[in-house]
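Engineer: These are the residues of each chain, in order.
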Amino acid sequence: MSDPSTEQTLAGARETRPSMPAPAPEPPRDRPLRDRILDVAALYPESRSAIIPALRLAQEEHGWLPEEAFDEVADALELTPGYCKAVASFYDMFRLQPVGRHEVCVCTSLACTLVGAADTLRAFEHELGVEAGGSTEDGLFTLRTVECYGGCGWGPVVAIDERYHEPLPANEVVPLIERLRSEAGG
Amino acid sequence: MSDRILLDFEGDRREIADYEAAGGYESLKRALKMEATDIVGMVDKSGLRGRGGAGFPTGRKASFLPSDRKPAYLCVNADESEPCTFKDREIMLRNPHALIEGIVTMSFAIGATSAFIYIRGEYRTEFEVLMRAAEQARARGYIGRNVLGSGYDATIVIHRGAGAYICGEETALLSSLEGERGQPRSKPPFPAVAGLYASPTLVNNVETIATVPFIIEKGGEWYAEIGTERSKGTRVFSLAGNVKRPGNYELPLTRTLRDLIEGEGGGVPDGRTLKAIIPGGSSTPVLLPDQIDTGLDYESIAAAGSMAGSGSVTIVDDRTCIVQLALRTAEFYVHESCGKCTPCREGTRWGQEILRRIEMGEARQDELDLLLNVCDRILGNCLCPLGDAMAMPVAAFVTRFRDEFQRHIDEGGCPFVETSPFSSYYHHDHAGVPG
Ligand SMILES: Cc1cc2nc3c(=O)[nH]c(=O)nc-3n(C[C@H](O)[C@H](O)[C@H](O)COP(=O)(O)O)c2cc1C
Ligand code: SF4
Ligand code: FES
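Line by line, the protein sequences are chains A and B.
Take 1 as the starting number for the first sequence in the working numbering and just add one per residue.
Take 1 as the starting number for the second sequence in the working numbering and just add one per residue.
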């Protein structure tokens, strides 16, 4: 499906993209969530400023943000759960529903779509058997479309569990999914 | 001599030793011995203008902060979410210490109590790069109590957002950083007077701040020599779309779109021709191929009928349907509208619906002018510039490619459905599933 001119663009992108460092190790979760939230809150002049990092810590703990998470964040920061939920719902990265083990975010903004992101999206839909917004029945994948992720020159950009794969043309989707499936203990 | 300043090297200088070996942090040592007002004066003399979008003179903005009111804050805008823009990410990945050095310098110059870097939540790896760079800088005494014996205490908090384009707008950024939903506030008061926690606050883009150490090192006059009469220095341009070598390219502001697109980017790949140029991020009005000799400076792009914006240049080849491009642009701003004001909340959605009808071949003839009318009613009537950011490019697509919109209406559908890369997004029967 890919056009020879798009192939040239992808080859150019592979040359110009800077090298990325290895992911930092996951921070330890050896202390209670509340204590870790208080540590972050101490960095700010006013603790309410820590609501985003606090919600993120809670989301990492639960995999998403159940009611209980809002209670925990509210308690630690001396806010109300309703307030925390209202703030969380404003931001795209907070999950108000459970998601699959791997979250696949396909950028379909302008620059990525100019170089084939819609085909990459369809390839994910085809391989996973779900439409954008859905999760696979085995609970392994949630597929989403997202707006510009800031990798436009190196598109199509796909982020899996917050790490960028760029460029990711449609023909590289199946091997990537197969790898993730086998790592999940196939 | 190279034309580049900020990215004048191969690879990266993430490790502080590499940065110091190239002369890094010398400029901070010099700045800490200067009078604060002289630092701001030097930046003012350089003619540096904000690289976040609006192009406001950086030295002037810093001079608006009252020097006697404490606390005061510096907020670095690393939200970078305007579609097609990816330059701040490369600066943070390859030259994070230039940003840290610029932050400490400017914090000292405005007497900031603390500095915050508001980085978009999706930039997780870049957040980790900055965290590590700050840790290294702290270990070397460039951040922390009594920096290099100057008596100045420098604090930097790196704050990850959570996915909301509007938080790049400076007052929304402050709302978000205060722990609220990221909605813009009306100005005045401007952040310089009542910003973070109602205290004087300077908000600047990553590229703007990362340029400061070079100006302190070589002088305001040196920087002002580069560029045009009113657009000084270099910019890191994000080049994306249908070019042979997309990527970030730092160029002096004396150069042209052609230098960037053809010289650096290698032009449109074989077999295709240039159809449109979006010269400053998705919110800027489209330019036509015969405008490729336009200068990259703020004034030339404005004279051509668009805006230099965020410095991202997107190339569209002849396969692409302009209606689909306009629709995708509109959908972005609908998704990101915070909902605070009516013309933006309702107008962007209405415009999007008309564009969808045109693309699907459902629109009547009068809806084309209706679309322009909707754009017109958004323009200038919103609390923050996001409404305009939808209305301006959409209106420009319609006026500069009117025949193409007309063909959709006349033919009752999209004439480019077979070739346009957006077709498999909008028309399921054109889904390109690899074999
Ligand atoms: C909707 C909207 C989004 C914006 N996004 C960004 C952004 O991601 N990064 C940025 O530096 N400026 C952004 N800006 C511009 C900021 O409001 C502000 O002008 C800028 O950060 C000031 O820094 P500068 O003077 O160094 O350019 C945005 C503006 C608007 C209206
Ligand atoms: S213009 Fe749009 S984004 Fe800006 S304040 Fe109004 S509704 Fe919110
Ligand atoms: S358009 Fe996809 S990352 Fe920017």
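Among the hints, erroneous ones may be present.
Unchecked claim - Distance condition first, Cα-Cα at most 20 Å in a straight line; then the derived SDA-like pairs of lysine to any residue:
(1) B:K218 - B:S175
(2) B:K70 - A:L43
(3) B:K340 - A:L43
(4) A:K85 - B:K218
Unchecked claim - Derived, one-sided and incomplete: chain A residues facing chain B with beta-carbon distance under 8 Å:
(5) T9
(6) A13
(7) P18
(8) S19
(9) P45
(10) R48
(11) R56
(12) G63
(13) W64
(14) A74
(15) R95
(16) G129
(17) L140
(18) C148
Hints in this document: simulated from the structure, not taken from any laboratory.
Glycine included, each C-beta is placed from N, C-alpha and C at the ideal position.
Engineer: Need the list of violated hint numbers for this structure, in ascending order.
Structural biologist: Hints 1, 3, 4, 12, 13, 14, 15, 16, 17 contradicted; others consistent.
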